[in-house]
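Visitor: Sequence:
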Amino acid sequence: MSLIIPEVVVFDLGKVLLDFNYDIAIRRFAERSEAGIDEVRKLINSSVQYDYESGKITTDEFFAYVKNGAGFQGDRSDFIHFFSDIFSPMEMMLNLFNRVKKAGIPTCVFSNTNEIAIQYISERYPFYSCFDFYVLSYKEKGLKPDETIYRVVEKKTIKSGESILYIDDRPENIETGKRLGWQTILQDDELCSISKAEMLLGI
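So that you can map any letter, position 146 of the sequence shown is 436 in my numbering, and since no number is skipped, the others follow by simple counting.
Honestly, the hints are just simulated from the structure, not real lab data. Certain hints may be false.
[Unchecked claim] Across the chosen pairs, the derived CB separations fall in these ranges:
#1 A354 to K429: 18 to 28 angstroms
#2 K391 to L481: 18 to 28 angstroms
#3 D365 to P461: 37 to 47 angstroms
#4 G364 to K391: 34 to 44 angstroms
#5 I448 to K391: 14 to 24 angstroms
#6 Q363 to C482: 42 to 52 angstroms
#7 M489 to S419: 23 to 33 angstroms
#8 Y424 to I294: 16 to 26 angstroms
#9 E452 to E329: 38 to 48 angstroms
#10 F310 to S336: 17 to 27 angstroms
#11 K346 to Y312: 18 to 28 angstroms
[Said to hold, decoys possible] Pairs of lysine-lysine, BS3-like flavour, derived with a Cα cap of 30 angstroms:
#12 K429 to K446
#13 K392 to K429
#14 K305 to K486
#15 K391 to K429
#16 K332 to K392
Please read all numbers here as calculations on a predicted model, not as lab measurements. For glycine and all other residues, C-beta sits at the position ideal for the given N, C-alpha and C.
Put together the whole structure using the sequences plus the hints.
Guide: This is how it looks when you write it as structure tokens:
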């Protein structure tokens, strides 16, 4: 165990602080489209999603691609509603986030995400405005687990190595953090993540 107490906690967003279920969006979308559920799922999970989350295409371009590909009968506002109303709070992890804030430890959100999701989350979940730093894939035009966007975290937080505690649910994302010397927690169980964070942070 490291003897260095982390000076900033870096949280992934989806499956760490907020759960989400894309199948909800896919089902709603398919109900208003010429394409079936399997076709819509394949379309959404194609490279266009990575292009959108890495900032290579805009929301309008993403909408046009999916609308045309699936024969979607709704409008842009329907599309945004279907693809944003898929989140639910992970209360135990949000409680940990609040405890970290109360302890005076800076926090950073570090997420592969997109404009639709962040607009919805920022409007619906007050905790989102409480981060000290934000590193979002579509704004930085890069995706985890590429090292480049991890360096953005270090630059914004002015921290590196073991001074950073990073919590993420994807093993490949955690591996890049480990390679850079960050302290890491792979989120696969909320209680386990909280216990590890408490031990490392002394809270």
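Visitor: With reference to the structure, classify each hint as holding or not holding.
Guide: Against the structure, the hints:
1. For A354 and K429, the hinted distance range of 18 to 28 angstroms is satisfied, since their beta carbons lie about 21 angstroms from each other.
2. K391 and L481 have their C-beta atoms about 20 angstroms apart, which keeps the hinted 18 to 28 angstroms range intact.
3. Our hint of 37 to 47 angstroms for D365 and P461 holds, since their Cβ atoms are close to 39 angstroms apart.
4. For the pair G364 and K391, the beta carbons lie near 39 angstroms from each other, so the given range of 34 to 44 angstroms is met.
5. Remark: the range hint 14 to 24 angstroms for I448 to K391 is upheld by a beta-carbon distance near 19 angstroms.
6. For Q363 paired with C482, a C-beta distance near 44 angstroms keeps the hint of 42 to 52 angstroms intact.
7. A C-beta distance of roughly 28 angstroms is found between M489 and S419, which places it inside the suggested range of 23 to 33 angstroms.
8. Evaluation of the 16 to 26 angstroms hint for Y424 and I294 yields a pass: the beta carbon distance comes to about 24 angstroms.
9. The hint said 38 to 48 angstroms for the Cβ distance between E452 and E329, and at roughly 47 angstroms that hint holds.
10. Taken as a hint, the range 17 to 27 angstroms holds for the pair F310 and S336, whose Cβ atoms sit roughly 19 angstroms apart.
11. Distance hint check for K346 and Y312: the Cβ-Cβ separation is about 20 angstroms, which falls inside the suggested range of 18 to 28 angstroms.
12. Between K429 and K446 the CA atoms are separated by roughly 14 angstroms; this keeps the pair inside 30 angstroms, and the hint holds.
13. A C-alpha spacing of about 28 angstroms is found between K392 and K429, which places the hinted pair at or below 30 angstroms, so the restraint holds.
14. Only pairs whose Cα atoms come within 30 angstroms are accepted, and K305 paired with K486 is accepted, the gap being roughly 17 angstroms.
15. For the given pair, K391 sits about 25 angstroms from K429 by alpha-carbon distance, which is consistent with the 30 angstroms threshold.
16. For the suggested pair K332 and K392, the alpha carbons sit about 43 angstroms apart, so the restraint of at most 30 angstroms is broken.
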